[in-house]
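So you can see what is in the structure, the chains are spelled out below.
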Amino acid sequence: MATRVHDSVLQTLALIQRRATEPQQVIQLARAQERELRSWLFGGRAPGSMDERGLTLAAGIRLIQQEVEAQHGVAVEAVTVGDCDLDDDLGALLAAAREATVNAVKWSGAEVVSIFAEVEPARVSVFVRDRGRGFDPAAVPGDRKGLAESVHARMARRGGSSAVRSVQGEGTEVSLTMPRALGTRQPSRA
Amino acid sequence: MSKPGAGTGAGGRPRVFFVDDHALFRSGVRSELGDQVEVVGEADDVEPAIALIAECVPDVVLLDVHLPGGGGQAVVTAIKDSYPQVRFLALSASDAPEDVIATIRAGARGYVTKTISGPGLVDAVRRVAAGDAVFSPMLAGFVLDAFAVLPPESAHRPAFDPELDQLTPREREVLRLIARGYTYKEIARELYLSVKTVESHVSSVLRKLQLSTRHQLTRWATERRLN
Chain D
1 MATRVHDSVL QTLALIQRRA TEPQQVIQLA RAQERELRSW LFGGRAPGSM
51 DERGLTLAAG IRLIQQEVEA QHGVAVEAVT VGDCDLDDDL GALLAAAREA
101 TVNAVKWSGA EVVSIFAEVE PARVSVFVRD RGRGFDPAAV PGDRKGLAES
151 VHARMARRGG SSAVRSVQGE GTEVSLTMPR ALGTRQPSRA
Chain A
1001 MSKPGAGTGA GGRPRVFFVD DHALFRSGVR SELGDQVEVV GEADDVEPAI
1051 ALIAECVPDV VLLDVHLPGG GGQAVVTAIK DSYPQVRFLA LSASDAPEDV
1101 IATIRAGARG YVTKTISGPG LVDAVRRVAA GDAVFSPMLA GFVLDAFAVL
1151 PPESAHRPAF DPELDQLTPR EREVLRLIAR GYTYKEIARE LYLSVKTVES
1201 HVSSVLRKLQ LSTRHQLTRW ATERRLN
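Residue numbers (this note's numbering), protein chains in the order written: chain D, 1 to 190; chain A, 1001 to 1227.
No lab work stands behind these hints, which were simulated from the structure alone. Quick caveat, the model's predicted, so the values are computed rather than measured. Among the clues, some could well be false.
[Said to hold, decoys possible] Some, not all, of what chain A presents toward chain D, calculated at C-beta under 7 Å:
{"#": "1", "residue": "Pro1137"}
{"#": "2", "residue": "Met1138"}
{"#": "3", "residue": "Gly1141"}
{"#": "4", "residue": "Leu1144"}
{"#": "5", "residue": "Asp1145"}
{"#": "6", "residue": "Ala1179"}
{"#": "7", "residue": "Arg1180"}
{"#": "8", "residue": "Gly1181"}
[Stated by the list, open to error] Facing chain D, according to a computed beta carbon distance under 10 Å, are these residues of chain A, among others:
{"#": "9", "residue": "Ser1117"}
{"#": "10", "residue": "Ser1136"}
{"#": "11", "residue": "Phe1142"}
{"#": "12", "residue": "Arg1176"}
{"#": "13", "residue": "Tyr1182"}
Positions of the beta carbon are idealized from the N, C-alpha and C atoms, including for glycine.
Construct all of the structure, not just a fragment, from the sequences and the given hints.
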């Protein structure tokens, strides 16, 4: 599968070089490739492919860290404890973690956002924390509340849970917990 | 609490010696530390550091774990027996865990990354000067990983010491919160403990990290580097 993905990326890069003088086309090519990569990475498998090893949880967290840093220019620190292969539930957990991280980077005003992820036998937890301006989750409608709701829905659909703790002037922490499905509790690589 | 060597600088400021091979980084940190500490000396490599630290006997040595003449642990090893009052705080740009673990096991009382804020570094220096331990979120994560569930065969090894080779549930809780970026004060509030108790849990983890013979500690650090 890695070969498939590499081929696809190489082809896109070749096309981009040939169309370097047509910015609109280049942007479209890059976007399409980005979407494809993303669905592979966060869906845990390549489009149309059902097999083989996908990304592990720790690798997914590192990817969020690198992408968000690159796209938003705010430092993201990530600490992970343990690791396991991804399934659909954990893919949803990563998507929620990414959303929480992007949101913190965009709105908190903090210089650094920290992610901590821990894989335990029965569950995987992710905490996204910033020491930014904070907000009142109960009183503030708008973007931040939208985030809390969409993250919550994403987690709840898969049997997970989420919580947002925020203090104005002190920062925000989003906690995400996903139970691990039976039968996938052993990491395939030690 | 008055401890030998602590608070001997003017106005009770810790006397700090700084070992790092990048002059630019040294001057950056010096200006961040400002007048909160007294910088009594600097060195850019293992040999000059050992000579100068013995001369000025600082409270805290801020020690880069990577130096041209070897790892920072060489400095700790050379100094600690003759000058037990000198405390070491490891400072690193990379997260190569085997170097960090080696420096801690040589006797450093803490580890912070070079991305730490100025006030964060001042706080870490003060803690180490007072004899406490300082873990960065990254180090807390390392320790949780290295002291993870024991493989069954370890329990039968004669070298296994449950006092040193396992973390208590409370120590795990404290490390998790450090890994999440909580300060000692915030951890105390979260777990309904005093800051003093949090400090003593962290010191106990440091002791285990220094004395445990768990082979996972070294094996794990080596494996991690490959990632």
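Outcome of the hint check:
1. Pro1137: Holds - the Cβ of Pro1137 of chain A comes within 7 Å of chain D, reaching about 5 Å at its closest.
2. Met1138: Holds: closest Cβ of chain D sits about 6 Å from Met1138 of chain A, inside 7 Å.
3. Gly1141: At 4 Å from the nearest chain D Cβ, Gly1141 of chain A passes the 7 Å test, so the hint holds.
4. Leu1144: holds (5 Å)
5. Asp1145: Result: holds, 5 Å to nearest chain D Cβ.
6. Ala1179: Check passed: Cβ of Ala1179 of chain A comes within 5 Å of chain D, closer than 7 Å.
7. Arg1180: holds (5 Å)
8. Gly1181: This interface hint holds because 4 Å falls under the 7 Å limit.
9. Ser1117: Nearest chain D Cβ about 8 Å off; hint holds.
10. Ser1136: Given a least distance of 9 Å, the restraint on Ser1136 of chain A holds.
11. Phe1142: At about 8 Å, which falls below the 10 Å cut-off, the nearest Cβ of chain D leaves the hint on Phe1142 of chain A intact, so it holds.
12. Arg1176: holds (7 Å)
13. Tyr1182: Constraint on Tyr1182 of chain A satisfied, holds at 8 Å.
The structure agrees with every numbered hint stated previously.
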